[in-house]
Amino acid sequence: MSETLFEKIWNSHIVTEKENEPSLIYIDRHLIHEVTSPQAFNGLRIYKRNVRRPDLTIATVDHNIPTTDRSLPILDETSSIQIQTLETNCKDFGIKLFGKNSKNQGIVHVIGPQLGITLPGTTIVCGDSHTSTQGAFGAFAFGIGTSEVEHVLATQTLWLEKPKSFEIMVNGKRKNSFAITSKDIILSIIRQIGTDGGVGHVLEYRGEAIFDLSMEQRMTICNMSIEAGSRAGLIAPDEKTFDYLKNREFTPKNYDELVDDWNENLHTDSNTQFDKSFTINVDQIAPQVSWGTNPSMVCDVTQTIPFPEEFGNGVSNQIKSAEKALAYMDLKPGTPITEIQLDRVFIGSCTNSRIEDLIDAAEIVKGKKVSPNVRAMVVPGSQMVKYEAEKLGIDKIFIDANFEWRESGCSMCLGMNPDILKPGERCASTSNRNFEGRQGVGGRTHLVSPVMAASAAIAGHFVDVREWC
Amino acid sequence: MKGNVIKYERDNIDTDVIIPGPYLKIHDYIELSKHAMEGIDPDFHSRVNEGDFIVAGKNFGCGSSREHAPIALSTCGIKAVLAVSFARIFYRNSVDGAFLLPIEIDEKTYKSISNDDKLEINLERNEIVNLSNNAIYSMKPFSEIIGKIISAGGLFKYKK
Chain A
651 MSETLFEKIW NSHIVTEKEN EPSLIYIDRH LIHEVTSPQA FNGLRIYKRN
701 VRRPDLTIAT VDHNIPTTDR SLPILDETSS IQIQTLETNC KDFGIKLFGK
751 NSKNQGIVHV IGPQLGITLP GTTIVCGDSH TSTQGAFGAF AFGIGTSEVE
801 HVLATQTLWL EKPKSFEIMV NGKRKNSFAI TSKDIILSII RQIGTDGGVG
851 HVLEYRGEAI FDLSMEQRMT ICNMSIEAGS RAGLIAPDEK TFDYLKNREF
901 TPKNYDELVD DWNENLHTDS NTQFDKSFTI NVDQIAPQVS WGTNPSMVCD
951 VTQTIPFPEE FGNGVSNQIK SAEKALAYMD LKPGTPITEI QLDRVFIGSC
1001 TNSRIEDLID AAEIVKGKKV SPNVRAMVVP GSQMVKYEAE KLGIDKIFID
1051 ANFEWRESGC SMCLGMNPDI LKPGERCAST SNRNFEGRQG VGGRTHLVSP
1101 VMAASAAIAG HFVDVREWC
Chain B
1039 MKGNVIKYER DNIDTDVIIP GPYLKIHDYI ELSKHAMEGI DPDFHSRVNE
1089 GDFIVAGKNF GCGSSREHAP IALSTCGIKA VLAVSFARIF YRNSVDGAFL
1139 LPIEIDEKTY KSISNDDKLE INLERNEIVN LSNNAIYSMK PFSEIIGKII
1189 SAGGLFKYKK
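Residue numbers (my numbering), protein chains in the order written: chain A, 651 to 1119; chain B, 1039 to 1198.
Wrong hints could be hidden among the right ones.
What the hints assert, rightly or not - Mimicking DSS-like on lysine-lysine, the simulated pairs with C-alpha atoms at most 25 Å apart in a straight line are:
| hint | chain 1 | residue 1 | chain 2 | residue 2 |
| --- | --- | --- | --- | --- |
| 1 | B | K1195 | A | K970 |
| 2 | A | K668 | B | K1195 |
| 3 | B | K1195 | B | K1156 |
Stated by the list, open to error - If you want the ones that stay clear, here's a sample from chain B, every Cβ over 12 Å from chain A, calculated:
| hint | residue |
| --- | --- |
| 4 | V1043 |
| 5 | R1104 |
| 6 | S1176 |
Unchecked claim - Selected chain B positions facing chain A (in silico; Cβ < 7 Å):
| hint | residue |
| --- | --- |
| 7 | Y1046 |
| 8 | D1049 |
| 9 | N1050 |
| 10 | D1054 |
| 11 | K1063 |
| 12 | G1095 |
| 13 | N1097 |
| 14 | S1102 |
| 15 | A1125 |
| 16 | N1131 |
| 17 | A1136 |
| 18 | I1174 |
| 19 | P1179 |
| 20 | L1193 |
Everything labelled a hint here was simulated from the structure, so no lab data went into it.
As the structure is a computational prediction, the values presented were derived from the model and not from experiment.
Backbone N, C-alpha and C define an ideal beta-carbon position, used for all residues, glycine too.
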């Protein structure tokens, strides 16, 4: 019987199943962080339970850790308590923690692949919706809530209803593969299938344009699968995947054997029917910029802010949503995207903070200066990314251009540490969510790729980055 | 189950507006609940009453996996959210901890219910009665397993 890649992973992880009931699924890797784990550990203590597989559980601090000098104490008391709580919990339950001063500290979805913890064919969970990032390696990786974190800590399993399969066929060749990034591809997809287009489904990205991407670019695609409402996003592993994971700190010793097995099994069989299918061609894709308050409210950099009627296509709820979004964003329909002036630029987050993102952004910035009206910052995704960037001298390029060069963490993606927008400030951000208040109360977020963010920082407004390279 | 409606005429109410990021550091549920819906409705906490229902459009609870979202609403007294559709992590989180009932209604029902209406929800009959105008609506029945988890009072109690 022919199967999708997802079905193969699912079937190999069923512990028990009954008709019309969710299946109990084995979890291979559990990543935890300071924000969604404290109540789960409390639950374990109350019921006197242990962590079943501390060896398969890995912790780091990322969400509220400051991105300033790590040798200084954390001034925000609640953040400091949450970080200390994770340290205590990891110590008490024997869990490996990449803490505040670890060379492996970083955004949980960035360090998983970097350390070789993320492996093809595995099931990976974390109390964070962007766990879908790791689907780029052919893993079934998804976000869970804190009750489920507790369930996985206690049992290493999870009850799940089997999601349906959704094929996203990405065809064609990008005209300018430096200026048109995987961020533009995924924003184009969400723009078309909508923020709930993937609900109840696992997306499998396929087609030549996907396999043309590097592993880091593929992670950006899978990262934003959740913004289309899907349970997870997947890409079948190939030689690029196997090369990326080779010789990482936690890469298994029998790696070559595993690669043989993955090569043979981890793909969707030919002629397999998906429950749903969508095709996009990347030949004509332009740099994308979000103008609204959810990640489907996106247009080409060459376009103007849409009129609500045009965006809503006659659907009253959609028209109202667009009106509310434009009021919040303080934007007028018909305004060219390139005339939008910016106050802040944020290059970072689990979507776009890896070394290739920083190399590309630095290429744009080199020898130029940030516009005097803009405050711009770069927050590497992990200490390893930061170290690598500094080795390449990229930090100097950013610093010379008047960017702030920060320590690693989630930072201004979700406004849990001091890196936030002031009310009314407008930001070009390489993150994943442009929700109201996400980057700070009253802050206005435009989602873009790293090269678009970098060029906007220099110009002080959005520019078509294709004209710069 | 009877309660008054707080209606939001919008789709895609995300978890960042249900409970903004900076408050995820608060572990005390009562303190947390003071900031529920603050992202789009700063007066929510002062006007919500024990037993109230939220009514909203499509894709309620999209975004982050924070369980703080159903916890904050439930601690304020919200017993059910009636929406045209739900983001799945929010749905699972609501049910897992038996914090509140995520009830799916159709578009017509969503449009017929007004802010401040008083509703009675009958889970056995999968029926919603609008006590303000005597209209009767149907709701999407919970699947058997979800029904069992809710009746048991959450995932852990159900599996025990």
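Violated hints, by number in ascending order, as checked against the structure: Result: hints 1, 3, 5, 7, 17, 18 and 19 break, sorted rising.
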